[in-house]
Amino acid sequence: MLDTLPLENERLVYARPRTLASRYTHYCPGCTHGTAHRLIAEVLDELGLQDETILVASVGCSVFAYDYFDVDACEAAHGRAPAMATGIKRYHPDKIVFTYQGDGDLASIGAAEIIHVANRGENITTIFINNAIYGMTGGQMAPTSLIGQKTTSSPFGRDTQLAGYPMHMAELLAGIPGTAYSVRRSLHDARHVIQAKKAIKTAFEAQMAGIGFSIVELLSTCPTNWGMTPGDSCDWVRDQMVPVYPLGDFKVADELQQARGRSKR
Amino acid sequence: MAQQLLKGNNAFAEAAIRAGCDAYFGYPITPQTELLEHMSARMIELGRVFLQAESEVAAINMVYGAAAAGAKVMTSSSSPGISLMQEGYSYIAGSEVPVVIIDIMRGGPGLGNIQPSQSDYFQVTKSAGHGDFHPIVLAPATVQEAIDLTVLAFDLAQQYRTLVFVVADGAIGQMMEPAELPPMRPLPARAPDWALTGAKGRSPNLVNSLYLGADSLETLNLRLQDKLHAIESAELRYETIDVDDADLVIVAFGTAARVAKTAMQTLADEGIRVGLLRPITLWPFPTEALYDLSRSGKSFLVVEMNAGQMLLDVKAAVGADAPVSFFGRMGGAIPMPEEIVAAAHNALAQPAFAWAGA
Amino acid sequence: MATGRIVVDVERCKGCDLCRDACPPDVLRHADFLNAKGYRPIILLDPKHKCTGCALCATVCPDGCITVFRDIPQPKEKIHHGAAIA
Amino acid sequence: MESSIVIAGFGGQGVLFAGKMLAYAGMENGLHVTWIPSYGPEMRGGTANCTVVISDRPIGAPIVSQPEIVIALNHPSFEKYVDKVRPGGLIVVNSSLVTEKCERDDVEAVYIPANLIAEAFDQPKLLNMAAVGAMLARRPIVSLETFRQALTAHLPATKTELLDVNMLILQRGYDAAVPLSLGV
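Chain order of the listed sequences is A, B, C and D. Read in order, the letters of the first sequence correspond to residues 1 to 265 in my numbering. Read in order, the letters of the second sequence correspond to residues 1 to 358 in my numbering. Read in order, the letters of the third sequence correspond to residues 1 to 86 in my numbering. Read in order, the letters of the fourth sequence correspond to residues 1 to 184 in my numbering.
Simulated from the structure, these hints should not be mistaken for lab results. Note that this is a predicted model, so its numbers are computed, not measured. Glycine is no exception: its CB is placed at the ideal position from the N, C-alpha and C atoms. Each hint should be verified, as a subset may be incorrect.
[What the hints assert, rightly or not] Using C-beta positions, here's what the derived DEER-type ranges look like:
{"id": "1", "chain 1": "D", "residue 1": "Asp83", "chain 2": "A", "residue 2": "His78", "range": "54 to 62 angstroms"}
{"id": "2", "chain 1": "A", "residue 1": "His78", "chain 2": "C", "residue 2": "Lys37", "range": "23 to 31 angstroms"}
{"id": "3", "chain 1": "C", "residue 1": "Pro24", "chain 2": "A", "residue 2": "Arg23", "range": "29 to 37 angstroms"}
{"id": "4", "chain 1": "A", "residue 1": "Tyr24", "chain 2": "B", "residue 2": "Thr219", "range": "17 to 25 angstroms"}
{"id": "5", "chain 1": "A", "residue 1": "Gln140", "chain 2": "B", "residue 2": "Ile241", "range": "54 to 62 angstroms"}
{"id": "6", "chain 1": "A", "residue 1": "Thr229", "chain 2": "C", "residue 2": "Ala31", "range": "12 to 20 angstroms"}
{"id": "7", "chain 1": "C", "residue 1": "Glu11", "chain 2": "B", "residue 2": "His130", "range": "31 to 39 angstroms"}
Input sequences plus hints: build the corresponding full structure.
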């Protein structure tokens, strides 16, 4: 057992969050899925929600997310996490329900489900991992792949004539009235990770306040399928993805701003 | 409670409510729409969960979620929607949560039409999603039985933590008959121990159908098979009329069985000894009962509102040496009593696998 | 004088180096051993006591394997010294 | 004893409602009943029909190829059903809209100007009651009184102010068709 207790003249500055299960993840070295998991767990700890939360895992590299959080969890069919979360939340409106979905799952096969969960203003939170590729199946083109991006199913680079354009889900969902909070953040360096965590916290606070659907899109890395080192992957997010997927707040409901204002006072 | 004149679809819905259904998700499709409409009013009145989903795919996954959360949950649809929901059935079966599905069958394939049919026999009894499992399949023939079997469906779903279908053709969904509704059951005070309710005071629960290792998935499957065998031995239901003295046994379910009963009166008047075996559970199927009848030298006439789907199960039950004839109507046509009488004459005149098509 | 330190759960570490890239005083190095998963984990190598306990390493760690401590300023000691002087 | 009645006409002529009232009346007489409509798009603006079976035994088939009684409220329904009436059966023809006569000699036909009767009460939509009244005059499978009770009990709450006029039109249809030998 690791000694993670402070010595006499020390204080603990950072420790692994309680809500993050002790199980080792299967993610590749440097994959920011792990970072996203950790941030969610930290937020659930800080908000005291561990015992109140139900996770809906999805299909993709994060299929085992249910093993990595110490919360009640289930595993949805590909793309259907928002529908399954709807069933749970409607039955347990007093619980915190969140989905964790990748870009193939959310923006492709589950496009209908995510749009309708937003449109109903379903009071759930979605953490959306955009790494511009299908990770689990081995690096195929995703709806979020960049124009010209070479993948195992777009070997000549994504051609818009053949395969359309990168999907901007945070902006798209922000345009739906039932959405209370829709933002995009990135996980490519420490400063952005800190900003991402704040957004995740706000998203869960939106759910706690009961004001509608909240989603945080996180630009994330896939070093293995991109064929880069973890460090280079972060640079690629910064240099290639951020220009295409601008970071920012696309919808922050007035009620949420008011609620946050109140909680700060 | 006194008899009321009830439409099948409304009877299914109200029976579900009285059986304790506390969450419903669905999508409109004829000829089951009155069922969804009934739920949309009553569930809201009672403070229970009702939601019209954006598609059948979403509906079944909402059902899956609510079941995982501990709800006594139901959806309803008709054939094309039932096809679309297959993804969810398999996940529900794999993660062993209780769900009731009502299928008011219509003509296919494709968009087909909205007329009554029994075209879903294969998909509900044989192929309700990928993987090795059977839902329990209940097939009412009257509005009263629609009520009784819907209540039973909730009990079986909970008892075995399994998927239960109640299938009826559009005629049963649309017809009105006098029937008696059961009293309203109280809702359970709390969710089952395995349900997702937030892990307060206990270790987290997981509802899941993913088992990557071959051994672990086979272990799950062996357990599911054990459960299915237990269901087969405990939950078989069928009705027989005059089979012992019969030369010819008609095998039919749902509306086809009702029409066969009318035909049997004519045949009896003609002095023909004819009986009826009506499966009430389509799965489990009365294989042994049919086998026993075949050993006493009877001929069989299978009547269905399809091209001969249950026919295969009857043939498998009675073996190659028993004569089995078939009469079916498709495309939403309901067989007429006179047609079944003629098919019975044919079956007796040419007992060796005489096929009388539509 | 270092004002912080980290403890790495070396069995959990995948040696991805993101923490090294994030570390301002550059006091993180690969270990000279492999962990059970075959990764060469990150360790704190801080002979010049440069770690400030800023926690940027932990902030970017995808595997949650870093625990961070920071020294507590010791006003009591200062009072003691002051008392001695007086 | 088993009676089967097909009521057919345009959507909006009260075809399904009339059938339901017959089914209620049968049920309240302690008989077995079934009511089944044609349903779906064809009901919208096109023709609609329903089949009612009333029996002293449990009912097998809820539909029949040869109904004992047909109420044909419009021309297409007359065309569709006139040859399907069981020999010895009855066809009630809405002579306001159907100008042809039934040329079969093995069925009884009664012609009732249902639209005109209903219009005389300023309730043109209640022509269904005139036709049912005529049918009950010739085939009292339920008594007029039982039917009245069913109507009283099951007329939708939004229509209760029309109960009396329903009764009047029903009676007028009955009177118009009652055999003279009964001397009513």
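Checked hints:
At roughly 56 angstroms, the beta-carbon separation of Asp83 of chain D and His78 of chain A lies within the given 54 to 62 angstroms, and the hint holds. Checked against the hint of 23 to 31 angstroms, the pair His78 of chain A and Lys37 of chain C passes, with Cβ atoms roughly 29 angstroms apart. The hint said 29 to 37 angstroms for the Cβ distance between Pro24 of chain C and Arg23 of chain A, and at roughly 31 angstroms that hint holds. The beta-carbon spacing between Tyr24 of chain A and Thr219 of chain B, approximately 23 angstroms, falls within the hinted interval of 17 to 25 angstroms.
In this structure the supplied range 54 to 62 angstroms holds for Gln140 of chain A paired with Ile241 of chain B, their Cβ-Cβ distance being about 59 angstroms. Separated by about 18 angstroms at the C-beta atoms, Thr229 of chain A and Ala31 of chain C satisfy the suggested range of 12 to 20 angstroms. Restraint check, Glu11 of chain C to His130 of chain B: a C-beta distance of roughly 38 angstroms satisfies the suggested window 31 to 39 angstroms.
In summary, the structure agrees with every hint in the numbered list given earlier.
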